[in-house]
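Residue numbering for the sequence shown follows the working numbering, beginning at -10 and increasing consecutively.
Every clue listed holds true.
Restricting the straight-line Cα-Cα distance to at most 25 Å, the calculated cross-link-like pairs of lysine-lysine (DSS-like) are: (1) Lys51 x Lys83; (2) Lys76 x Lys93; (3) Lys73 x Lys51; (4) Lys76 x Lys51; (5) Lys83 x Lys73; (6) Lys83 x Lys93; (7) Lys73 x Lys93; (8) Lys51 x Lys93.
Label pairs and their computed distance ranges (CB to CB): (9) Ile97 x Asp171: 26 to 36 Å; (10) Ile97 x Thr24: 20 to 30 Å; (11) Ala70 x Ser21: 30 to 40 Å; (12) Ile32 x Ala70: 15 to 25 Å; (13) Ala70 x Asn122: 26 to 36 Å; (14) Thr91 x Glu128: 32 to 42 Å.
Rather than coming from a laboratory, the hints here were simulated on the basis of the structure. Since the structure is predicted, the reported quantities are computational estimates derived from the model, not experimental observations. The beta carbon of each residue, even a glycine, is placed where N, CA and C say it ideally should be.
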Amino acid sequence: SPYNSCPSSKPMNTIFDWEMNSFIKPGNPPVSRVTSDLSGVAILLWGANGTGKTPIACGMPKPYYLAFESGLTGIDGVPYAPMKSWKDFVSFVKWATSPVTTEKAHEICQTVVLDTLDVMADYCIDYTCARFNVSALGETRLNAEGKRDGSINLYTEFGREFRRQTRALRNAGFTLVYIAHDGGYRDE
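All chains, please: the whole structure from these sequences, using the hints.
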């Protein structure tokens, strides 16, 4: 049987046995450890309005609040920046992750609070649609000859752009706290 041809000191019955054998090493395997360092971690706080998501997020170490909507008016002393478009967010990411300014960014903040996730996603969708000259992600764009070009999946492009920017912050050691509302977006 092809499964028995896997390298081993004894016969294997399944491919699963061979795969597990390749991961299990003799001696003491590494053991995970709980850490209090949240650098590079992403956290989602999800719930109904008024349930305390923002105070919890702003209670994290050295928070910097990116206001994709209003909502910080009840909390004093938290540095923040209004985000009116995806380009505003990209500018923040470039500032926070640039080799020239990242040290200063870490002096100011350790936790980046993103409020709210649905508005943030809407801004990224708008940016993606504008980039490909369409009005919705489900539309196909026009190619150079003016014909519809379905070769680019705009949902994929949206996801890539969103992950590219948030991953840059996480890779630079910032903790991300996303705030999301139960029941979708509701601007108050």
